[in-house]
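Got chain X sorted already, so can you dock chain Z onto it with the hints?
Protein chains: 2
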Amino acid sequence: MYKVPSGISNKHLHVSERDLKILFGENHELTCKKMLKQPGQFACEETVDLAGPKGTLKRVRVLGPVRPETQVELSLTDARALGITAPVRESGKLEGTPGLTLIGPEGTVELDHGVIIALRHVHLSDEEAAEAGVSDKQMIRVKVEGERGLVFDNVLVRAGKAHSAEFHLDTDEGNAAGLDNGVMCELLP
Amino acid sequence: MYKVPSGISNKHLHVSERDLKILFGENHELTCKKMLKQPGQFACEETVDLAGPKGTLKRVRVLGPVRPETQVELSLTDARALGITAPVRESGKLEGTPGLTLIGPEGTVELDHGVIIALRHVHLSDEEAAEAGVSDKQMIRVKVEGERGLVFDNVLVRAGKAHSAEFHLDTDEGNAAGLDNGVMCELLP
Numbered sequence: 003m004y005k006v007p008s009g010i011s012n013k014h015l016h017v018s019e020r021d022l023k024i025l026f027g028e029n030h031e032l033t034c035k036k037m038l039k040q041p042g043q044f045a046c047e048e049t050v051d052l053a054g055p056k057g058t059l060k061r062v063r064v065l066g067p068v069r070p071e072t073q074v075e076l077s078l079t080d081a082r083a084l085g086i087t088a089p090v091r092e093s094g095k096l097e098g099t100p101g102l103t104l105i106g107p108e109g110t111v112e113l114d115h116g117v118i119i120a121l122r123h124v125h126l127s128d129e130e131a132a133e134a135g136v137s138d139k140q141m142i143r144v145k146v147e148g149e150r151g152l153v154f155d156n157v158l159v160r161a162g163k164a165h166s167a168e169f170h171l172d173t174d175e176g177n178a179a180g181l182d183n184g185v186m187c188e189l190l191p
Numbered sequence: 003m004y005k006v007p008s009g010i011s012n013k014h015l016h017v018s019e020r021d022l023k024i025l026f027g028e029n030h031e032l033t034c035k036k037m038l039k040q041p042g043q044f045a046c047e048e049t050v051d052l053a054g055p056k057g058t059l060k061r062v063r064v065l066g067p068v069r070p071e072t073q074v075e076l077s078l079t080d081a082r083a084l085g086i087t088a089p090v091r092e093s094g095k096l097e098g099t100p101g102l103t104l105i106g107p108e109g110t111v112e113l114d115h116g117v118i119i120a121l122r123h124v125h126l127s128d129e130e131a132a133e134a135g136v137s138d139k140q141m142i143r144v145k146v147e148g149e150r151g152l153v154f155d156n157v158l159v160r161a162g163k164a165h166s167a168e169f170h171l172d173t174d175e176g177n178a179a180g181l182d183n184g185v186m187c188e189l190l191p
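Protein chains in written order, with the numbering used here: chain X, 3 to 191; chain Z, 3 to 191.
Nothing false has been slipped in among the hints.
No copy is singled out in the list; a pair is fine if it fits within one copy or between any two copies.
In silico DSSO-like pairs for lysine-lysine, Cα to Cα no more than 27 Å straight-line:
1) LYS5 <-> LYS163
2) LYS35 <-> LYS56
3) LYS5 <-> LYS145
4) LYS56 <-> LYS36
5) LYS56 <-> LYS13
6) LYS60 <-> LYS13
Worth flagging that the hints you see were computed from the coordinates, not collected in a lab.
Isolated chain X (complex conformation) (with noise of 0.2 Å):
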């Protein structure tokens, strides 16, 4: 039995460097709040605001390095108080997907695309995913215990070695889990 904490992702954004430019001003380099269970990933002090056709959700924050892509990261939730119907999509993975506006303290950008409902996944080193018996691609099925227990099915495993065993969920499905970050949860590969 192999077991991995669990990450519960709230709503974020990844930034490009034209977009961090527009929003946060031309010389502005992102600022670490807080490093991140994956290695080189960091919560940053940045906020920006997130507008779509039925509302707004203020202060959603960005986490670093910037990406060669705008990427925003929605619950099902979210998407529904923003009035936008966004596709379940594994990080990166962004044609075809909705837009909506990102306003930050020093200007406004009209995405046209890249906001997604983030597939479960799983993280894992090489290592980790050796002792797992699991392979980078692979889709697994992940059982939380509990109150609220359950069986996640078709959860993707991202392994390699920028990765570090992490059970990332959103947080409709942390809650529908009764799950808090850190939790130990079965990987059934």
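Positioned in the frame of chain X, the structure of chain Z alone reads:
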């Protein structure tokens, strides 16, 4: 294999006769907007605002008919927005639950208990329960197919003549499973 249709419950409340009078006026009676699948149950035209220490949820729907005790059913997402910590409970088991403020057009009720996260459950008539091979108060699992497929553990069976086949879960649970209303879900006794 026995399947029942999903019924996703948004936040709502049931009101006592006493609280109905305070919220909507002395001689007010609940107005049916739409009959629900469970026999005799209906969504009302009436709504109230719910206020907690951290926020307010506007226009939350009342379900009829009136009940002996007022009961507010939220998702964990809703409870966090209000700043309330509510337990997962079976309907009617309200001992030790938190309260909040109900704001109606004619008056305000300071509820001292009655707020729950509803325990997910399957309604079945006696005949349906017999056919499915389950009995009232049994805890079973329910399987949801699809892109966000999963198996919910700890699903309560509520069987009897006041019930009709339907799998009730809240919006967090529905979102986590990528479910719409009326999707057939398999019972796993």
